[in-house]
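Peer 1: This is what each chain is made of:
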Amino acid sequence: MSQTAELKEREQKLQGMGTSLLRKEDARFIRGQGSYVADIKMPGMLFGAIVRSPYAHARIKGIDKAKALACPGVVAVLTAADLKPVKLDWMPTVGGDVQAVLADQKVHFQYQDVAMVLATDRAAAYDGVALVEVDYEELPAIVDPKKALLKDAPVLREDIVDKKDLTHGPRTHPNHIFTWEAGDKAAADAAFKNAPITVREEILNPRVHPCPLETCGCVASFNKATGYLTLYVTTQIPHLFRTVLAMLSGIAESKIRVVGGDIGGGFGNKVPVYPGYVVATVASIVTGVPVKWIESRIDNISTTGFARDYHGVGELAADKDGRIKGLRFTALADHGAFNSHVSATKFPAGLFSICTGSYAIPNTYCRVDAVFTNKAPGGVAYRCSLRVTEAIYLIERMMDVLAQKVGVDKAEIRRRNFVKAEQFPYTTGFGWTLDSGNYHAALDKVLKAVDYEGLRREQAAKRADPKSPTLMGIGISTFTEIVGAGPTKVCDILGVGLFDSCEIRVHPTGGVIARLGTMTQGQGHSTTYAQIIATELGLPASDIVVEEGDTDKAPYGAGTWGSRSTPVSGAATAVAARKIKDKAKKIAAHLLEVAEGDLEWEIDRFKVKGNPSQFKTMKELCLVSHTGNLPAGMEQGLNAVAYYDPPNLTFPFGAYLCVVDIDKFTGEVKVRRFYALDDCGTRINPMIIDGQVHGGLTEAFAVAMGQQLPFDESGNHLGNSLMDYFLPTAVETPAWETDHTVTPCPHHPLGAKGVAESPHVGGIPCFSNAVIDAFAHLGVTHMDMPHSAYRVWQKCNALGLNKR
Amino acid sequence: MAKTQKVSFKLNGKPVEATVEARELLIYTLREKLAHTGPHIGCETSHCGACTVDLDGMSVKSCTVLTVQCEGAELTTIEGMEQGGALHALQQAFHEEHGLQCGYCTPGMITRAYRLLKENPNPSEQDIRKGIAGNLCRCTGYQNIVKAVQSAAKKLAAAR
Ligand code: FES
Ligand code: FES
Numbered sequence: 000m001s002q003t004a005e006l007k008e009r010e011q012k013l014q015g016m017g018t019s020l021l022r023k024e025d026a027r028f029i030r031g032q033g034s035y036v037a038d039i040k041m042p043g044m045l046f047g048a049i050v051r052s053p054y055a056h057a058r059i060k061g062i063d064k065a066k067a068l069a070c071p072g073v074v075a076v077l078t079a080a081d082l083k084p085v086k087l088d089w090m091p092t093v094g095g096d097v098q099a100v101l102a103d104q105k106v107h108f109q110y111q112d113v114a115m116v117l118a119t120d121r122a123a124a125y126d127g128v129a130l131v132e133v134d135y136e137e138l139p140a141i142v143d144p145k146k147a148l149l150k151d152a153p154v155l156r157e158d159i160v161d162k163k164d165l166t167h168g169p170r171t172h173p174n175h176i177f178t179w180e181a182g183d184k185a186a187a188d189a190a191f192k193n194a195p196i197t198v199r200e201e202i203l204n205p206r207v208h209p210c211p212l213e214t215c216g217c218v219a220s221f222n223k224a225t226g227y228l229t230l231y232v233t234t235q236i237p238h239l240f241r242t243v244l245a246m247l248s249g250i251a252e253s254k255i256r257v258v259g260g261d262i263g264g265g266f267g268n269k270v271p272v273y274p275g276y277v278v279a280t281v282a283s284i285v286t287g288v289p290v291k292w293i294e295s296r297i298d299n300i301s302t303t304g305f306a307r308d309y310h311g312v313g314e315l316a317a318d319k320d321g322r323i324k325g326l327r328f329t330a331l332a333d334h335g336a337f338n339s340h341v342s343a344t345k346f347p348a349g350l351f352s353i354c355t356g357s358y359a360i361p362n363t364y365c366r367v368d369a370v371f372t373n374k375a376p377g378g379v380a381y382r383c384s385l386r387v388t389e390a391i392y393l394i395e396r397m398m399d400v401l402a403q404k405v406g407v408d409k410a411e412i413r414r415r416n417f418v419k420a421e422q423f424p425y426t427t428g429f430g431w432t433l434d435s436g437n438y439h440a441a442l443d444k445v446l447k448a449v450d451y452e453g454l455r456r457e458q459a460a461k462r463a464d465p466k467s468p469t470l471m472g473i474g475i476s477t478f479t480e481i482v483g484a485g486p487t488k489v490c491d492i493l494g495v496g497l498f499d500s501c502e503i504r505v506h507p508t509g510g511v512i513a514r515l516g517t518m519t520q521g522q523g524h525s526t527t528y529a530q531i532i533a534t535e536l537g538l539p540a541s542d543i544v545v546e547e548g549d550t551d552k553a554p555y556g557a558g559t560w561g562s563r564s565t566p567v568s569g570a571a572t573a574v575a576a577r578k579i580k581d582k583a584k585k586i587a588a589h590l591l592e593v594a595e596g597d598l599e600w601e602i603d604r605f606k607v608k609g610n611p612s613q614f615k616t617m618k619e620l621c622l623v624s625h626t627g628n629l630p631a632g633m634e635q636g637l638n639a640v641a642y643y644d645p646p647n648l649t650f651p652f653g654a655y656l657c658v659v660d661i662d663k664f665t666g667e668v669k670v671r672r673f674y675a676l677d678d679c680g681t682r683i684n685p686m687i688i689d690g691q692v693h694g695g696l697t698e699a700f701a702v703a704m705g706q707q708l709p710f711d712e713s714g715n716h717l718g719n720s721l722m723d724y725f726l727p728t729a730v731e732t733p734a735w736e737t738d739h740t741v742t743p744c745p746h747h748p749l750g751a752k753g754v755a756e757s758p759h760v761g762g763i764p765c766f767s768n769a770v771i772d773a774f775a776h777l778g779v780t781h782m783d784m785p786h787s788a789y790r791v792w793q794k795c796n797a798l799g800l801n802k803r
Numbered sequence: 000m001a002k003t004q005k006v007s008f009k010l011n012g013k014p015v016e017a018t019v020e021a022r023e024l025l026i027y028t029l030r031e032k033l034a035h036t037g038p039h040i041g042c043e044t045s046h047c048g049a050c051t052v053d054l055d056g057m058s059v060k061s062c063t064v065l066t067v068q069c070e071g072a073e074l075t076t077i078e079g080m081e082q083g084g085a086l087h088a089l090q091q092a093f094h095e096e097h098g099l100q101c102g103y104c105t106p107g108m109i110t111r112a113y114r115l116l117k118e119n120p121n122p123s124e125q126d127i128r129k130g131i132a133g134n135l136c137r138c139t140g141y142q143n144i145v146k147a148v149q150s151a152a153k154k155l156a157a158a159r
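As you go down the protein sequences, you meet chains A and B in turn.
Throughout the first sequence, residue numbering follows numbering that gives the first Met the number 0, covering 0 to 803 in sequence.
Throughout the second sequence, residue numbering follows numbering that gives the first Met the number 0, covering 0 to 159 in sequence.
Rather than coming from a laboratory, the hints here were simulated on the basis of the structure.
Worth double-checking, as some hints may not be accurate.
Claimed, not checked - Computed list of lysine to aspartate or glutamate pairs in EDC-like fashion (alpha-carbon distance at most 20 Å, straight line):
#, chain 1, residue 1, chain 2, residue 2
1, A, Lys83, A, Glu157
2, B, Lys146, B, Glu124
3, A, Lys23, B, Glu81
4, B, Lys129, A, Glu731
5, B, Lys2, A, Asp120
6, A, Lys585, A, Glu634
7, A, Lys23, B, Asp55
8, A, Lys223, A, Asp81
9, A, Lys145, A, Asp81
10, A, Lys447, A, Glu736
11, A, Lys669, B, Glu124
12, A, Lys669, B, Asp126
13, B, Lys2, A, Asp126
14, A, Lys40, B, Glu31
15, A, Lys60, A, Glu132
16, B, Lys129, A, Glu667
17, B, Lys32, A, Asp738
18, B, Lys117, B, Asp55
19, B, Lys146, A, Asp738
20, B, Lys146, A, Glu731
21, B, Lys146, A, Asp81
22, A, Lys12, B, Glu95
23, B, Lys5, A, Asp120
24, B, Lys32, A, Glu200
Stated by the list, open to error - Derived list of chain A stretches under chain B, where covered just means 3 residues or more per stretch with a C-beta under 8 Å from a C-beta of chain B:
#, stretch
25, 31-42
26, 207-214
27, 521-530
Quick caveat, the model's predicted, so the values are computed rather than measured.
Beta carbons are placed, not taken as given, at the ideal position from N, Cα and C, and that holds for glycine.
Let the sequences and hints guide you as you build the complete structure.
Peer 2: Quick look at the structure:
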C-alpha cells in the first residue's frame, strides 16, 4: 500500500470531522426503542391532568372539587390554595416577573392551568377534570396588543399593579412590561432628516408555535425516604432546569436529578419551565409516589411557549443609489399574560439588535415595547436565537422595500450594502462584532447556480403577458444569524453564565465516553461530538459514546437552544480533547525517550520527527496511561473536563433564493425552486448539516405560508389543534437544494458556527420576499404572513388580477 | 370502575390479550398495557400519524381505533418490522438516508411506508409524498424520508 493510501485508510477509520458518518442515535429509533418521557412507567405512578380555563380573563369565585374527588380512581385535586403552603402557587420567571403555577383568584388566558387532578390512571384523571366545578366571573379581555396601553384598558395584572419596574426599567402603564432601546436615536433621526430616500413599512411577525411532534410532559418522582427528587422531563435545558427546581422547591440541588431522555423535537418549545412540571413535582412530593403529566396537543399549542407576536415598524434612510445611511426599527411585543419569555437577563428583547443583518449601516436605533395581553405567556425562540427571526425578517423585508423605492434589482441593493469581506471583523452600529463573513461570494454563487438573469427575464415576460394565469415571484434573503450564546460577560440566565461543558474519559483499550451540558432533541449530537473527538484524539468515532441530559452524569451546561451546541459545547469538546492529547504527548515522549518538541501528530499517533518508524499510537497510549510507566509525577488516566466560555457569539450566514408561481385565480403559491446556500464555517458532518437545513427550511415554509395562532375578541383560541394549525405534509413541502461556502469562525477552536436555525431565520423572509415580489410590479411593497391561498387570493382580488 | 372486557388479537405475530374499557383507544392499550411504546402520540386526533400501526393489512392511526374493535385482528407495529434479527429494508434505509432526526415520527412513518410499498412496490416521488401525507414530521422536511422509501423500494425489488 502506498503511504498516502495508508494514511487515507487510517483517517477513514476514524470517521472524524468532515465525513458524513451515519447517526449513532438511529439504532434505537428505527426499532421503536426510543425512550421518551411518555414511555416511562413506574410502580405506583399517578397520572395528572389539568383543569384549564375556558375564559381568557376571569375572576375565579370558587372551585368545587367534591364531585371530582368522588370519581373512581381520582386521588386528589390540587389548586392554587394547595400550593400556597409550599409557596409554589406562583413562581418567578426568567423575565423578572412572576407567573401563576395554578391560577390564583384570576385567570389571565384561555386554557390557563387552574387545577390538577391526580388519579390512578390516565382516563380517570380526565374523568376527574370534567367534574371539577370552577365558578368564573368573566372580565373584559385584551387581545390586541395595540390596545393594551390605552388609558381605559382593563388592568390585567392586579398582582403587580404597584410594581414600578419588572427589572427592565420603568413601567408606564399597568399593562406595560418594559421599553428597551439600543443604538443612537439622535444620529438615526438626523440621518433620516437628511436622506434623499426613506422607506417605512409595518411588518408583523405573527404569533406562532414551534409545535414539536412530541408535546411536553414529565414524570416526577420524589423519594420520601432519601429526600431525592428525580424528574424525567421534556427539556432542552436539563441543568438550568435543575437549578430552577432547587430555587423553587428549596431541595438541595445535589438531591435533584433531571433527566432529559429522548426528546421528540424541541425548537424552543421545550426551554421553559411550565406550570405542569411544577405541579407534578409538588404532587409527587406530597403523595410520595411518581406522578406523570403529559400534555395534549391542544394544551401544547394553547399554553406552552409561543413565538414571535412582534408588531414591527421598519424604516431605512438611504442615498439616491440605495446605500443605507440610517435604520430605525421598532416593535410592539405581545408577551401574553406573564413576562415569562425566555431570554438572557441583559437582553429583554433577545438579540433583536442584530437587525442590521449582513449590511454596513451607520446611524442605527431600535426599540421594543413589551405589553401584557390575555394570551398564553412566554415567547420562545422558535428555531432561532431569541428575536433573531423577528430582526432578520424586518431587515430582509426592508431591503426589498428599499430596492423597489430606489428602482434597483433586489440582489443589487444587497451587494451595495453588504459588509465587505475585507471589513471583517466588523462591528455593527449596535455593537455586535461580526467575526467573519463573505457575503458577496455567497450571493454570487447562488445567483449563478439558478441563472438569476434568466429568471428575471422570464418574470418580465410573464408580467408583460396579461393572459398569464400565474404571477412569478423571486425572493432573495442574504441573512446573518447570531448564535451560540454566549459569553458569560454578557449572557446569563438567573445569574448562571451561558458557558458549556464537556467531560471526556478515555478507557484503557481506547473506548471513550464524553458527557456534555447540552441536550439533543434530534440534532445528532451523539454523532457530531464523537466525530470531533475522533479527529482530535485519533480514536475511532465508533468507539466514542456521547451522553447528555442526565444531570447526575453530565457536567453543568446551559443546554441546547439558539444553535449553541456546536459553537459552545463543540468548542468545549475540542478543548477537553486537546487537554487529553497534550497529556498523551507527554507519555509518548517519555516512552520514545525524546523531547515533546521532537514529536509530531499524524492522524492517530505521535511520531518522532524525521524518524517515522518511531511512533506511539493513541490506542497504545490509552493503555499506557493506565500503568505506572509514566513521566515522573504524572497521574494515571486520560481524562479531562472543559468549561468553555465563548469569547463571542458566532455569525453563520447564507444566501437563499426562492422562485414561486402564484395562481391568480386561487391564490395558491407553488414553490418552484428553493436554493439555500449556508456558511456555517467548518462542517463537521455534512449529512447532518443538510438534514438540519431541510428541517429548518420546512419550518420556515410553515411559518411563512400558513402558521398563525388566531384569537377572537374575547381571547378564545381559533386554531389550536392540528386540524387548524398548519404543519406541512410531504405533499406541500418543497424540494430543497442546498449548497455551501466555508468561512471558518476565527474564534472557535474548530472554526465552526451553528447552523440548524439559519434555514428558519433566513428562509422565512425568503418566502415572503418571493410572494411579495410577484406583486411588486403592481406597486405592492408588503403583505403580512402567512401567505395562505386565501390571503394571497384576497390580494389578487383586490388588484383585479383574477378577472378573466 | 367502568365495565371492562377482554380483547384478543395477534400483535406482531404473537397472540395477546388485554382487558380494556370500551372507550379505550388502541394506542393506549399498545403503549400502556402491552409494552409497545414504539407507536407514539402526537395529537390523538388522527392528524399526525405518529401512532400509525398496520391493522389487517391497512395503515391505521391507532389513536382513532378502539381496542375493542380489534378482536381477532392481526396487528403489526414498528416492533414487528425486524425479522430474525435483520432490520427491514425500510429501517435500514431510514438510517442510511438520514430519514430521521428526533425519531418521534419514525415508527409511524416506517410502518406507513411498509404498507405503502406493499400497495405500490415501485412508487414515484409523488406517490411517496402523497402516500405518507398522513404522517407529519417536524424535523426532516421529508426529503430524506422520501429518499429512504425510494431506496428501500429498490432493495426490496432487487430481493424479489
Ligand atoms: S396521535 Fe394518532 S394521528 Fe396523531
Ligand atoms: S424526526 Fe422528529 S418528527 Fe420526524
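Peer 1: Decide if the proposed pair is consistent with the structure: lysine 129/B and glutamate 667/A, CA atoms, cutoff 20 Å inclusive.
Peer 2: Holds. Lysine 129/B to glutamate 667/A sits at ~18 Å (cutoff 20 Å).
Peer 1: For the pair we were handed, lysine 5/B and aspartate 120/A, check the Cα-Cα distance against 20 Å.
Peer 2: It holds: about 18 Å lies between the C-alpha atoms, which stays within 20 Å.
Peer 1: When I compare C-beta atoms, does the stretch 207-214 of chain A have three or more residues closer than 8 Å to chain B?
Peer 2: holds (count 5)
Peer 1: Given the hint that lysine 60/A pairs with glutamate 132/A, does the C-alpha gap stay at or below 20 Å?
Peer 2: Holds. Lysine 60/A to glutamate 132/A sits at ~11 Å (cutoff 20 Å).
Peer 1: Does lysine 146/B pair with glutamate 124/B here, judged by a C-alpha cut-off of 20 Å?
Peer 2: With Cα atoms ~8 Å apart, lysine 146/B and glutamate 124/B stay inside 20 Å; holds.
Peer 1: Are lysine 23/A and glutamate 81/B close enough, with their CA atoms no more than 20 Å apart?
Peer 2: Roughly 18 Å between the alpha carbons, so the hint for lysine 23/A and glutamate 81/B holds.
Peer 1: Does lysine 669/A pair with glutamate 124/B here, judged by a C-alpha cut-off of 20 Å?
Peer 2: holds (17 Å)
Peer 1: Are 3 or more residues of the stretch 31-42 of chain A near chain B, judged by a Cβ distance of less than 8 Å?
Peer 2: Coverage by chain B holds for the stretch 31-42 of chain A (7 residues, Cβ < 8 Å).
Peer 1: According to a criterion of three or more residues whose C-beta lies within less than 8 Å of a C-beta of chain B, is the stretch 521-530 of chain A covered?
Peer 2: Contact hint for the stretch 521-530 of chain A vs chain B: holds, 3 residues under 8 Å.
Peer 1: Keeping to a limit of 20 Å between CA atoms, is the pair of lysine 447/A and glutamate 736/A held or broken?
Peer 2: holds (14 Å)
Peer 1: So if I understand the rule, the pair passes when the alpha-carbon distance is 20 Å or less; does lysine 585/A with glutamate 634/A pass?
Peer 2: Within the cut-off at roughly 12 Å; holds.
Peer 1: Holds or violated: lysine 223/A and aspartate 81/A, Cα atoms, limit 20 Å.
Peer 2: The hint holds at about 19 Å.
Violation of the numbered hints given earlier is confined to hints 7, 9, 17, 21, 24; the remaining hints are satisfied by the structure.
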